[in-house]
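S.K.: Let chain L serve as the given structure and place chain H on it in line with the hints.
Residue numbers (numbering that gives the first Met the number 0), protein chains in the order written: chain L, 0 to 196; chain H, 0 to 196.
Do not rely on the hints blindly, as some may be mistaken.
Same chains, same names: a pair is fine if it fits in one copy or spans any two.
[Stated by the list, open to error] Derived lysine-lysine pairs resembling BS3-like cross-links, with alpha carbons at most 27 Å apart: (1) 108 <-> 61; (2) 38 <-> 61; (3) 193 <-> 137; (4) 137 <-> 123; (5) 61 <-> 137; (6) 38 <-> 91; (7) 137 <-> 108; (8) 108 <-> 193; (9) 123 <-> 193; (10) 193 <-> 151; (11) 151 <-> 91; (12) 151 <-> 108; (13) 123 <-> 108; (14) 38 <-> 137; (15) 123 <-> 91; (16) 151 <-> 123; (17) 137 <-> 91.
Simulated from the structure, these hints should not be mistaken for laboratory data.
Chain residues, written in single-letter form:
Number of protein chains: 2
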Amino acid sequence: MCCENTRSMNFNRPLILASSSPRRQFLMREAGFEFTIEKPDVDESFPAELPVEQVARYLANKKAEYFRTEIHNEIIVTADTVVILDGEILNKPADRNEAISMLSRLNGKTHTVMTGVCILSAGKEESFDDTTTVTFRKLTQQEIEFYVHQYKPYDKAGAYGAQDFIGMIAIERIEGSYFNVMGLPIHKVYEHLKNWS
Amino acid sequence: MCCENTRSMNFNRPLILASSSPRRQFLMREAGFEFTIEKPDVDESFPAELPVEQVARYLANKKAEYFRTEIHNEIIVTADTVVILDGEILNKPADRNEAISMLSRLNGKTHTVMTGVCILSAGKEESFDDTTTVTFRKLTQQEIEFYVHQYKPYDKAGAYGAQDFIGMIAIERIEGSYFNVMGLPIHKVYEHLKNWS
Chain L
0 MCCENTRSMN FNRPLILASS SPRRQFLMRE AGFEFTIEKP DVDESFPAEL
50 PVEQVARYLA NKKAEYFRTE IHNEIIVTAD TVVILDGEIL NKPADRNEAI
100 SMLSRLNGKT HTVMTGVCIL SAGKEESFDD TTTVTFRKLT QQEIEFYVHQ
150 YKPYDKAGAY GAQDFIGMIA IERIEGSYFN VMGLPIHKVY EHLKNWS
Chain H
0 MCCENTRSMN FNRPLILASS SPRRQFLMRE AGFEFTIEKP DVDESFPAEL
50 PVEQVARYLA NKKAEYFRTE IHNEIIVTAD TVVILDGEIL NKPADRNEAI
100 SMLSRLNGKT HTVMTGVCIL SAGKEESFDD TTTVTFRKLT QQEIEFYVHQ
150 YKPYDKAGAY GAQDFIGMIA IERIEGSYFN VMGLPIHKVY EHLKNWS
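Pulled out of the complex, with its shape left as it was, chain L reads as follows (with noise of 0.2 Å):
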């Protein structure tokens, strides 16, 4: 059977996916990976001075660290998503308002996703991020408020999701991985993981 292995990935040891993103669940499982999940418990919060561009790597170093001291035989994979729009980072917004208002930024312009991970064993850690620059035509008002009404999008970077409706009818261009924007550069974390020992 040549192709078992490349399926399941069997690494004989135990592999944690640190998210509670159920997106980053999908992707993993869809590119054959079994694991389980563990959310770090860490506050996301980042030094005022560090540039925007090394800010999800540092969180997803950060999220690996939370293991470091009760990792052994396991392989922890850690991530951050981080959007980025005139050299300033937006986060999850805190309600209604806020979404809205990231919205009517992002709103007709480009903007850059940026995925940190962090792969971490007993041996060894590898980090690495992926960018991709995503281009939103003009929505109308109404268009952002019918999106933040139904569907609530406070858990996410920037305040959408690009497969949801608004993905759809906003995003005209990407360059770089759709997958990234979603919350994980998942060939590069297959890449990492297939020639991890």
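M.R.: Chain H in isolation, oriented as in the chain L frame:
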């Protein structure tokens, strides 16, 4: 309720998606459309002398042609997606060997995906297309054979689905709309239908 109509796209007339592709049906549903499905009985041949970048729209128009004489109050959406590599169209693969051969050609290279769309009602017809370039990283022969064995991508132009296992591990970069690669430039369809009268 400001937003109801944004979601349900209520034209007061029936919308028909003339495609059996589950991906297209998914995209139309997620974008908020209610529709029924009718499959046009059309052979998907095209004139050999037709420039490759006109084929997708030609075939979308050909499918629309099928409905023209029977149209009453409906709005019909037809679509066709083609994969173009080195100026040549890769169709749906006939069998396992052809699928492996197509993926081996796409492997490690950049290709183009074009979807043509035709929207037709009694008084009006519009057709348009959308182009995305897709870059595959280098896969192993084992990964290609595993995918074809497991996913049997015989209903897919170019022998792959962007949302499948192989899309996740192979696609490192796209330029354009991801949903266009899935089979429908949904942002353009939405915009056309929103303004349909």
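S.K.: Could you work out which of the previously given hints the structure breaks and list their numbers from low to high?
M.R.: Checked against the structure, the hints that fail are numbers 1, 5, 13, 14, 15 and 16, while the rest are satisfied.
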